[in-house]
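Here the protein sequences line up with chains A and B, keeping their order. With the working numbering applied, the first sequence corresponds to residues 33 to 148, in that order. With the working numbering applied, the second sequence corresponds to residues 132 to 246, in that order.
Be careful, since some hints might not be right.
Stated by the list, open to error - Quick partial rundown of chain A residues pointing at chain B, CB under 7 Å, derived from the structure:
{"hint": "1", "residue": "G74"}
{"hint": "2", "residue": "L75"}
{"hint": "3", "residue": "L77"}
{"hint": "4", "residue": "A85"}
{"hint": "5", "residue": "F97"}
{"hint": "6", "residue": "L137"}
{"hint": "7", "residue": "N141"}
{"hint": "8", "residue": "G142"}
Said to hold, decoys possible - Derived DEER-like restraints, expressed as beta-carbon distance ranges:
{"hint": "9", "chain 1": "B", "residue 1": "A202", "chain 2": "A", "residue 2": "L59", "range": "25 to 35 Å"}
{"hint": "10", "chain 1": "A", "residue 1": "P40", "chain 2": "B", "residue 2": "N198", "range": "15 to 25 Å"}
{"hint": "11", "chain 1": "B", "residue 1": "T136", "chain 2": "A", "residue 2": "R54", "range": "25 to 35 Å"}
{"hint": "12", "chain 1": "B", "residue 1": "Q200", "chain 2": "A", "residue 2": "T70", "range": "26 to 36 Å"}
{"hint": "13", "chain 1": "B", "residue 1": "Q145", "chain 2": "A", "residue 2": "R54", "range": "34 to 44 Å"}
{"hint": "14", "chain 1": "B", "residue 1": "Q188", "chain 2": "A", "residue 2": "P40", "range": "37 to 47 Å"}
Because the hints were derived from the structure by calculation, they are not lab data. Heads up, the beta-carbon is just placed ideally off N, CA and C, and yes, glycines get one too.
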Amino acid sequence: DARVTQTPRHKVTEMGQEVTMRCQPILGHNTVFWYRQTMMQGLELLAYFRNRAPLDDSGMPKDRFSAEMPDATLATLKIQPSEPRDSAVYFCASGLAPGTGTSPLHFGNGTRLTVT
Amino acid sequence: AQTVTQSQPEMSVQEAETVTLSCTYDTSESDYYLFWYKQPPSRQMILVIRQEAYKQQNATENRFSVNFQKAAKSFSLKISDSQLGDAAMYFCAYRSRQGAQKLVFGQGTRLTINP
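All chains, full assembly: derive it from the sequences and hints.
Listed below in structure tokens is the structure:
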């Protein structure tokens, strides 16, 4: 049963430290999304890739966040420097671009980030 | 921009009863997808059911069914014969077939199942 793999599952770090979250999308999926979930804001889209190219990162604070796909099997989300307000659960999701099926997104189990 | 609204922050139902979760959305597009996702305490996001806007027939998956009213931009989820394992946060989501094709979520409805 194919699934999206995210690492680490939990991360506790001090303010100012760099945080890197990794995601392995399902093989064959050509779209990858990063979402952030908080109690106050719900699920917010941070970045979106199609065929490894960034299509939309308007939801991401550009000064400290960066998202990349070095290859088709790896997506990364980095925060440098981290701040307490970045504490949240970060989800990666992958799927097929609409037009090739009903295009649901398959989610990883998320990374719970705590910045102290 | 598309928006999704879930007007019920919390709902509860007796085990074995039926419950309906509401969702409305705003879009100017005619071709799109709608989804319901379930998030149990484990925080995993699980796809419950999907609907393509061009299909008039309401989607059904076992005990889960939707009432899709395209003109009213409404997409409610009905859970029949509720089970304790159905307790979770439920998110309604919209995905366009054009443009950025982002998945836009509602704020969620927390469903409690009373034994």
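Next item on the list: Starting from the hint list further up, note which numbers the structure goes against and sort them upward.
Entry: 4, 5, 9 and 10
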